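Protein chains: 4
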Amino acid sequence: MKNLRGFASDNNSGVHKDILKAMQDVNVGHTIAYGSDIYTLAALEKMKKIFGNDTDICFVFTGTAANVLGLDAVTRPYHSIICAESSHINEDECGAPEKFTGCKLLSIPVKDGKLTPDAIKKHLYGFDFEHHSQPRVVSITQATELGTVYTPEEIAAIADLAHENNMYLHMDGARIANAAASLGLDFREFTGDVGVDILSFGGTKNGMMYGEAIVFFNRDLTENFKYIRKQGMQLASKMRFISAQFMRYLSDDLWLKNASHANKMARLLESELQDVPEVKITQKVEANGVFAILPKETIPELQKEFFFYVWDERKSEVRWMTSFDTKAKDVRKFARVIKELLG
Amino acid sequence: MKNLRGFASDNNSGVHKDILKAMQDVNVGHTIAYGSDIYTLAALEKMKKIFGNDTDICFVFTGTAANVLGLDAVTRPYHSIICAESSHINEDECGAPEKFTGCKLLSIPVKDGKLTPDAIKKHLYGFDFEHHSQPRVVSITQATELGTVYTPEEIAAIADLAHENNMYLHMDGARIANAAASLGLDFREFTGDVGVDILSFGGTKNGMMYGEAIVFFNRDLTENFKYIRKQGMQLASKMRFISAQFMRYLSDDLWLKNASHANKMARLLESELQDVPEVKITQKVEANGVFAILPKETIPELQKEFFFYVWDERKSEVRWMTSFDTKAKDVRKFARVIKELLG
Amino acid sequence: MKNLRGFASDNNSGVHKDILKAMQDVNVGHTIAYGSDIYTLAALEKMKKIFGNDTDICFVFTGTAANVLGLDAVTRPYHSIICAESSHINEDECGAPEKFTGCKLLSIPVKDGKLTPDAIKKHLYGFDFEHHSQPRVVSITQATELGTVYTPEEIAAIADLAHENNMYLHMDGARIANAAASLGLDFREFTGDVGVDILSFGGTKNGMMYGEAIVFFNRDLTENFKYIRKQGMQLASKMRFISAQFMRYLSDDLWLKNASHANKMARLLESELQDVPEVKITQKVEANGVFAILPKETIPELQKEFFFYVWDERKSEVRWMTSFDTKAKDVRKFARVIKELLG
Amino acid sequence: MKNLRGFASDNNSGVHKDILKAMQDVNVGHTIAYGSDIYTLAALEKMKKIFGNDTDICFVFTGTAANVLGLDAVTRPYHSIICAESSHINEDECGAPEKFTGCKLLSIPVKDGKLTPDAIKKHLYGFDFEHHSQPRVVSITQATELGTVYTPEEIAAIADLAHENNMYLHMDGARIANAAASLGLDFREFTGDVGVDILSFGGTKNGMMYGEAIVFFNRDLTENFKYIRKQGMQLASKMRFISAQFMRYLSDDLWLKNASHANKMARLLESELQDVPEVKITQKVEANGVFAILPKETIPELQKEFFFYVWDERKSEVRWMTSFDTKAKDVRKFARVIKELLG
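Protein chains in written order, with this note's numbering: chain Z, 1 to 343; chain R, 1 to 343; chain B, 1 to 343; chain V, 1 to 343.
If you are wondering where the hints come from, they were derived from the structure by calculation, not from laboratory data. Source: prediction; values computed, not measured. Honestly, I wouldn't trust all of these hints.
Note: identical chains are not told apart, hence a pair may lie in one copy or across any two.
Said to hold, decoys possible - Calculated cross-link-like contacts (lysine-lysine; reagent style DSS-like; alpha-carbon spacing at most 27 Å):
| # | residue 1 | residue 2 |
| --- | --- | --- |
| 1 | K21 | K49 |
| 2 | K122 | K280 |
| 3 | K264 | K327 |
| 4 | K111 | K122 |
| 5 | K264 | K329 |
| 6 | K111 | K296 |
| 7 | K339 | K280 |
| 8 | K48 | K304 |
| 9 | K333 | K264 |
| 10 | K122 | K226 |
| 11 | K280 | K264 |
| 12 | K122 | K284 |
| 13 | K17 | K280 |
| 14 | K284 | K296 |
| 15 | K226 | K121 |
Please model the complete structure; the sequences and the hints are all you need to start from.
Written out as structure tokens, the structure is:
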């Protein structure tokens with residue numbers, strides 16, 4: 001069977017059919033390129049309704065770009081960026097933040113992917129000392145790369161610490177929809193409202209094709225951002241096709257339905273496996289990822305039937321991601337095969 | 001009437017319906033992300049049939065990125081890149097080449113957008129002298145930003161000069177289809193076969209939605225290119241949707257039909273205006289652009305009805321671009337309005 | 001004879017004995033490193049007396065660094081820097097400005113090394129247009145690389161143009177002492193007083209050993225400059241030895257005596273050769289350089305006896321530089337040999 | 001008393017008188033600038049005798065520059081550099097390595113400033129995976145920033161691990177003389193002979209004025225290094241004054257006498273304090289630094305009389321550095337004051 005649904009990554013899925021339809025619908029005649037078209041204006045308007053009129057929003061192509069350019073907007077190369085060791089910007093962007101911003105990343109080992117004020121404080125020194133990269137941004141991921149979710153209170157505490165030190169709070173929201181669904185909150189309630197300054201707002205992992213948004217909760221930060229985006233090679237000419245996706249994604253709670261479903265599938269997988277003694281779930285299942293330690297020899301056998309990634313070779317830990325299009329039967333079949341392999 | 005077709009730019013057009021259809025067709029189930037899917041493998045295979053088995057091909061998001069990353073693959077920051085003053089890399093990428101590669105751009109003023117060996121030679125000095133940025137790449141655009149087209153012989157002469165000096169020849173092919181249609185040649189006959197080393201192969205200006213290809217005619221150049229692409233924020237997760245576009249674009253001569261038509265519309269516009277004494281066509285119409293000097297006061301009047309750009313304020317020179325979806329009636333109406341405005 | 005004085009460059013000379021003495025005098029005990037020592041504070045104080053209390057002054061190692069870091073203080077990578085094609089930043093720094101600032105250099109061909117408002121205006125367009133590198137700085141060299149000197153009025157006109165366009169005026173003053181001696185003016189009268197915003201104040205070509213100063217005439221520009229200097233690898237640990245040089249250089253008119261003498265030697269060389277028909281002086285001799293076209297075959301013969309550089313191979317043009325330690329007898333002997341070689 | 005000798009840093013000291021004398025001695029007439037002079041050739045020759053004929057050696061201005069440019073010679077921006085958290089490149093260069101090389105630094109917390117193969121292995125994964133910065137260099141400091149010294153065997157073990165993984169070993173030798181004196185070995189025996197590929201060879205902290213050397217033990221690494229140095233703003237025009245310092249420094253064992261003395265003074269300080277119960281020496285005293293925990297309230301009192309730095313505010317840990325010019329009476333007086341303050 002072609003293109004079997006697996007548990008490798010939420011970006012192995014395709015595009016939600018309604019989003020594809022929306023892209024088709026804007027494929028009419030000519031529009032101004034590079035974002036001055038009516039579809040883009042409408043999509044930005046819609047996003048401002050969600051995030052607030054005082055925000056500025058820009059579309060780019062990828063999540064990596066959203067992170068890097070958002071960070072670049074508030075840094076100079078002599079700044080440092082504090083993040084979790086497991087964060088995407090530290091681990092999975094091939095050094096794009098360092099290359100583009102010139103900044104130092106200060107990564108902190110954390111078990112569950114979540115930074116805390118105490119962990120951050122370790123790096124809050126050397127201000128005003130010219131030999132030291134100046135701490136400028138704290139970056140957190142919501143939901144984290146380990147499938148956990150920050151509460152608004154946890155985010156507020158980090159934001160307060162950052163702001164007290166004249167720093168910014170950046171959020172990588174590649175899976176922000178899964179976090180919102182998990183928390184049962186509007187996006188704003190755990191971003192701008194609790195002190196996030198810059199947000200990478202992703203949709204590709206939740207049913208979109210391409211295109212991410214950067215939400216700046218402080219409009220002073222974006223005076224020159226258009227040049228950063230263009231020089232960063234992230235200005236789409238036929239922008240309407242990104243805008244159409246966001247417009248549809250944010251309408252009729254499509255984002256929420258997709259994310260809620262994916263989260264539900266992750267919890268289903270967790271519950272299917274909770275009584276299997278050889279499988280140890282290693283992280284709280286709060287979004288759409290399940291992390292588990294399996295007997296080493298089982299992994300390649302299982303990968304013959306379902307595609308997924310080993311997370312930590314040394315610990316024999318794997319990562320299973322669910323997606324908007326994961327079916328309950330997929331999960332059940334997967335759990336069944338695991339159990340069979342484990343005997 | 002919504003989204004009127006104008007003459008502003010070939011990227012103001014939408015997406016050819018067959019390409020949109022192809023994108024829809026691959027929206028099935030899960031595939032490996034980041035380019036290891038079957039659709040991408042097939043598209044790369046197809047492109048290798050066109051450009052040669054010794055080539056390496058990579059997809060990125062934009063034309064600017066194709067240029068910048070292609071140049072980065074063969075340079076270190078102490079190199080210089082020789083280009084026409086009017087080239088996209090020099091004029092329209094907000095300094096992305098300098099920022100990403102660290103290199104110096106040596107731009108040469110040329111009337112028709114085309115470099116010549118003689119013009120390039122001016123900058124071929126200072127080799128081995130550590131105070132001097134080392135000339136490393138010549139970059140040409142085909143078709144040029146001024147709507148002209150290099151002959152294979154002209155390209156070969158530049159390639160020979162570059163190679164004699166241990167340099168590379170880069171081609172910005174954002175409108176390469178228009179050039180191929182104009183020349184009546186296969187892509188290879190005026191790229192790899194005559195000495196082009198790196199090609200930005202564009203489709204967005206000719207009916208695609210997004211995504212460009214970089215063709216390396218020398219596989220030694222790409223050993224580490226995958227890292228450059230990722231760090232350059234140009235690795236698409238759902239790559240299949242770029243690949244599907246290229247697959248369709250390069251099938252059944254769709255690219256050629258689109259480009260031939262756009263070129264034809266440009267020539268039609270030229271012929272409609274050739275007897276209007278107040279309109280002076282300033283460049284040969286060899287691809288899909290028409291450059292013309294108009295009476296200054298006519299321009300804003302005309303822009304009220306059709307969207308297009310002034311090219312050179314001081315000379316009262318405008319640029320009119322045709323596209324795959326430009327209709328003959330659009331051109332005739334446009335010409336009629338011009339004539340009416342001119343009295 | 002060892003280490004014969006030649007006409008290759010003013011940095012082929014050694015160090016004025018009084019400056020070496022001053023360096024010796026501060027070699028006493030321990031002082032705080034990195035510029036917080038009493039000698040540095042005193043030197044900065046002295047320079048502020050010369051340039052004004054509203055200035056900020058920083059020491060770096062080289063002229064290239066002074067230029068690059070001074071430019072970096074007022075730019076972001078999406079900016080462009082307008083300069084003469086023959087300027088040191090464009091021609092002789094191996095792309096250091098592009099690499100460090102990320103900016104585009106817009107170079108203008110000029111016969112005598114001097115920019116003019118008209119020449120600059122050509123590049124003053126595309127403001128606010130995100131595809132275009134934003135013009136941000138005009139950089140001029142005083143005295144120029146071609147031995148000519150701007151009048152204060154010429155500088156003021158360029159400064160006014162820059163400021164009207166929300167841009168800065170940067171001056172590369174590697175040979176500013178020669179310019180001041182030539183004009184008979186204090187440094188301020190043709191820098192801060194006429195609108196220069198950032199000045200590379202050099203001494204190495206006029207009798208110092210190493211170390212250059214950056215003078216910022218607007219203190220708002222230096223809020224974070226200390227980080228730029230450190231990250232730019234230009235913070236000297238034993239700073240007192242740079243400071244001692246500047247202190248002595250700027251005392252008892254040593255800088256002026258040195259520069260006046262060098263200028264005088266250049267004029268002597270000019271006058272010695274003015275009646276030699278085969279030697280064509282190509283630039284006004286306003287500082288310490290003489291540019292001349294010689295019969296091609298004479299050049300290597302002459303170089304056997306005196307070390308100097310060919311400036312433009314194609315034109316058979318050479319550059320002869322005089323220095324603080326050039327003797328009148330050196331010049332006369334040089335002129336005599338030239339005449340003999342020419343028959 | 002002016003410029004009292006303290007324990008703040010070995011770069012608070014001045015210049016050894018013989019080195020100053022050597023600088024004076026080369027201040028004769030004209031020499032070719034930028035390193036082609038006879039003094040530089042002689043100094044490089046001398047260093048090759050020490051490090052081997054297969055080495056390439058280049059002078060730069062500062063230790064930061066030696067580190068950064070040496071690392072840049074073997075990296076591209078998608079590489080990562082593994083180092084100790086306490087290393088100078090990570091902690092004290094204001095992000096210069098990230099800014100110039102574009103690379104990611106992977107820093108490892110280590111108690112005594114020394115990396116071990118086991119600690120390094122943690123970061124040796126993700127090879128060939130394009131999302132991951134590719135590990136390329138291990139950088140160690142000898143003597144470390146914590147006053148400890150690697151044995152040749154320890155270095156060899158790290159070098160072997162690096163080379164097995166197709167990586168390079170870089171050594172920051174800002175205090176390499178202190179290490180050599182401590183080990184009683186020639187420089188080569190614990191650098192090139194045990195697998196170091198690139199060495200920052202410092203002298204400024206041991207009696208020189210400015211100027212550091214980069215020693216490449218593999219000449220393939222330097223093919224284009226001259227451009228990196230120039231573009232890195234580290235090419236001295238009057239190079240002879242750096243070369244003269246190295247020539248003298250490496251003659252008559254001056255480097256060794258200076259370093260041995262400084263080390264001896266550190267051990268003297270250690271022994272003077274070893275019976276003071278309130279002072280806890282926290283690191284082995286193997287070079288010229290003494291690290292100690294003092295009662296918090298004693299520190300500011302002590303700093304009133306002697307200048308030195310707090311190393312770790314939280315732990316009440318200070319750093320005392322000795323220098324080539326530290327006198328035994330300085331140390332004894334310092335110890336006496338400490339004891340008095342502690343009652």
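Structure-based check of all given hints:
1. K21 / K49: within (23 Å within a copy, 33 Å between copies)
2. K122 / K280: Between copies, since 23 Å is at most 27 Å while 32 Å is not.
3. K264 / K327: within (10 Å within a copy, 51 Å between copies)
4. K111 / K122: both (17 Å within a copy, 16 Å between copies)
5. K264 / K329: within (13 Å within a copy, 55 Å between copies)
6. K111 / K296: Classified as within; 21 Å inside a copy, 34 Å across copies.
7. K339 / K280: Within one copy only: 13 Å inside, 58 Å across.
8. K48 / K304: For K48 and K304, neither the intra-copy (46 Å) nor the inter-copy (30 Å) Cα distance is at most 27 Å.
9. K333 / K264: within (16 Å within a copy, 57 Å between copies)
10. K122 / K226: between (35 Å within a copy, 24 Å between copies)
11. K280 / K264: within (19 Å within a copy, 57 Å between copies)
12. K122 / K284: Intra 26 Å, inter 25 Å, cutoff 27 Å: intra and inter.
13. K17 / K280: Neither: 36 Å inside a copy, 49 Å across copies.
14. K284 / K296: Classified as within: same-chain Cα gap 22 Å, cross-chain 43 Å, threshold 27 Å.
15. K226 / K121: Intra 33 Å, inter 24 Å, cutoff 27 Å: inter-copy only.
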